[in-house]
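Next come the chains, spelled out residue by residue.
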Amino acid sequence: MMSPMRYELSLNEKRLLAALAELPNEQHDPVDLGNKLSSPPESVIQYANLLSSKGLCTIERIVSISVVRTEEGELYARYGLPERQLYNSFDTSIEMNQLNRHPLARIGIGWMRRLGWITIQDGVITKTDAPPSDLEQGLLRLHEHLNLSEHFKRRLIKRGLIQEIETISYKIHISPDGQNLAAQGLDLREELGTLTSEQIISGSWKELPLRKYDVTKPPKRIFPGKIHPYQQLIDEMRHILLSMGFTELHGDVIQSAFWNFDALFQPQDHPAREMQDTFHLAGSRSPPDGWEQVRDIHEHGGQTSSTGWGGHWDPEVSKGLVLRTHTTCLSVQTLAKNRVPPQKAFCIGRVYRREAIDPTHTPEFEQLEGIVMDEGLTFGHLMGYLREFYTRMGFESVRFRPAYFPYTEPSVEPEVYVEGLGWVELGGAGVFREEVTAPWGVSCPVLAWGLGVSRVAMLRMNLRDLRELYQSDIDWVKSYPLISTGGL
Amino acid sequence: MPIISLSNTYLERLCGTDKKAILSVLPKIGSDIERIEDNHIDTEFFPNRPDLYSTEGVARAIRGYLGTETGEEIYTITDSGITFSLDENIRTIRPYFGTAVIRDINFDNDAILSLMGLQEALHWVLGRGRKKVSIGVHNFDSVTPPFFYHAVSPDTSFVPLDMDEEITMREILEIHPKGRDYAHIVSHLEKFPIITDAHDQVLSFPPIINGELTKVTEETKNLLLDVTGTDQRAVILALNILCTSLISAGGRCEGVRVDDVFMPDLSPSVRSVSVAECNALLGLSLTPKDMVVALEKMRFGAEHNPECEERVLVRVPCYRADIMHDWDIFEDVGIGYGLDTIPASLPHVATIGVEHPIMRALSRVRMACAGLGYIEVMPFTLTNTRILFDAMQRPHHPGTLSILHPIREEQSVFRTDILPSLLDLFRINKRRELPQRLFSTGDVVLHEVTLQKVALASTHPGADFSEMYAVIASLCHELGIAYTVQEGSDPAFIPGRAADIVHTDTGTVIGQFGEIHPDVLRAFDIDQPVAAVELTLSGVLYPLEEAL
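Respectively, the protein sequence lines represent chains A and B.
Under the numbering used here, the letters of the first sequence match residues 1 to 488, in that order.
Under the numbering used here, the letters of the second sequence match residues 1001 to 1548, in that order.
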């Protein structure tokens, strides 16, 4: 026994099924059904398709080709073909020049000649005889002669006088399953889309048929307002560092060469300071109190065991302004202000390098920087912090390669293992040199590390082009899932 | 960093081991391997170790790290009896000078390529494009001592390398490829530096080009080196690196008397360092003997000072430019010991993490904007006045920060506003579905002060003033900003559909909103209406002096 619950029919389908069931042995035309159901025939076909997909009716698609006159053909049927009109426009003979002035001369003269209605001699056209041509007759009696020969039809079509049109009609027939279902009775009451407040309060909804949804049909896509996936990654890093007890730094993008370079023991003739690598700005800022200590460190190592770089350190060079090339300039300023241990600070900020834009380089990008200052800290502790941070970022395997930065000693480049890529360098780290800390009276070790945040973003978000972060395709941002930047 | 190309067969021969062992050591001594080919390895070393810019120098380090040959190399220098004299007139032009003779060199192709690579790398790293230091390598057998380093008229002529006729030094700067490349170093001088021999034959026109006379080939057996420059330390270091590298290649070094100074001096410098300080820095508990072993692996001379239990005496090779401080030696102890074997641990540093007030404020702004259905973008902060002002129909702001030497005009100023970048993103995303609602927050610069702003923009056929007013009202409520609104005159907006946001606490205008002017839309190639707002956050959500 078939259960009626097997079928999820909309009201329209049920109404159509009921109409078909009234005359189960007939082939129904959609137009007639449409009149009966007060629906356009296209809608009837649509409902019939739904019923047919459930096996409740069958649809026969009938293609018929009929022939009708074209606009031009219609005109000639009324007034005669051009050659006939032209033939009737003169008596027995006419000068060619004169007939040429007739608007139909260009088409008509050729046809009259081909049909043998006229002769032309010495520029004079003379009538012979003009029995009705078969084309004329065919065109005029088109409706009487639906069975035009194929050859004849082609000739008329070729002259552009008639055209073929394809008409599709449908015949709908109820199936035995449809009859069974109809026999069980169909609920033909109006279905409800949305409940009204009144229906909910009164309880009348219980009596009302609620339209069922096809739950497998995908919904319209909507997108939430969203914090940029890259910012989400930055925030994830901020939260890791805040939870590890680091205080956040923020600072000016404009820095003096003193803080950006000199305070970090970069010699004044270091290539990174030159205009090819750094965005220099107009204007200047005086070095802070205590700048003489930095000068002494550069020239001869000051009070430390360092030899310094030697040569002359020029305070004027240190006054120039640059767009910060790293956030380390903020770390050293923090140390200069807070020399009492312990200190833990970090910063994630945009830095600027004079690089042309390409898929892996942008003149501005985010850098993460962390420092830890306390008595008794060691290089082993630095590696401890790095391992902890990278592990929390989802990089399980970390190794360290010797490196060089002017302001740290020892210096390392941490590398993380990424499946498919191998060991990827992911930043720099080291212990601040005494030449960096001593001028500010900081006497205990300072561990420092920096990280290219955009490189992590490329790895985590599978990006091939850094520009996608800054000149984003809105569709990419909209569809990038929250969870993909949210860690493992 | 220059890329150093190391020949496999030559490197294997010098190291006495195979490619596999070499490749495993290279990263541990600081090399960043760029490419591994069948016959050579391309690698980078940091600029503090120019002694690793030759195959011989890398092989010396690898032999030490593998333990096949440890400790310092001992260099013996005999007196060649040759003299050099410097004219007084060179002292103001290119005063520093170094020289040496290398005899009995076996110059096969590998050794020549290694020397050329080293010379090139030193020119860049130590010489800063030959300005500070330049190096000449000569066939010693084609010239006659004594030699003379002096300055002459630019009209002096000789046959430069790779040419077959005499031309003047001035012509060299115009015609010869090297002359054109480096003309800027000397072209302002009245007299040009030159090195000549006893018969007035020209060896070199430093820092531009050698003479064809002393060209080095595979048949050359004896070399004369000249190093000239403007920085004494760099000149001596370059000479030491060249000599020690050529000695490793099988040459014999002979000294030269330059006026009264005998050179090269390849003896080590000596430092006495503390074992306790080293252990404290690295987080290890090495004995003095452990330290000596690690240092010898790194090719230092090292011995435990028996008179002082706590100290190790270190002889620093003459080619090491980077040892300025005891910690530089400790770093090499760490590398010799193996950086990866140093135990990593977290110390107990009790601190409480605090979010920066500006960052906390910006996080809240982002949350509020996203809650209003806006999508964040993070455009570049470097832009140009065409987008910032011309396209916006706004007057150029006198406090705009310009970059002195921009790479491209596109990115030649720091942004004063964020809204133009949002409009530019609408242009980039023109074919994407509407509505589009974007926001961005971050740094702008005005009069050399870094401030933060937020901008929101909405584009779709119905985007209008009322939509944006509702957004402002909600945003200001969420952020606790008390404000009033007055009719605005910002030319970026349609007149009569623009408003200024006035901060109640300070009475200052802190932002603008409204419908973007159609001429502005067309300037950004936007086809749909845009309603937008920009709001200053500094001095509103937090005091201006919050920045460090």
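Among these hints, one or two may not hold up.
Interface residues of chain A toward chain B, partial, derived using beta-carbon atoms under 10 Å [unchecked claim]:
1. 159
2. 160
3. 228
4. 276
5. 304
6. 306
7. 401
8. 433
9. 440
10. 441
I should point out that these hints are in silico values taken from the structure, not numbers from a laboratory.
Idealized CB from N, CA, C, for every residue including glycine.
Each hint, compared with the structure:
1. 159: Violated, because the Cβ-Cβ distance from residue 159 of chain A to chain B comes to roughly 47 Å (cut-off 10 Å).
2. 160: Violated - the Cβ of residue 160 of chain A stays beyond 10 Å from chain B, reaching only about 42 Å at its closest.
3. 228: Since chain B brings a Cβ to about 4 Å from residue 228 of chain A, closer than 10 Å, the hint holds.
4. 276: Holds. Min distance 8 Å.
5. 304: holds, 7 Å
6. 306: holds, 4 Å
7. 401: holds, 5 Å
8. 433: holds, 7 Å
9. 440: violated, 15 Å
10. 441: Violated: closest Cβ of chain B sits about 18 Å from residue 441 of chain A, beyond 10 Å.
Going down the numbered hints, you'll see the structure goes against 1, 2, 9, 10, while the others check out.
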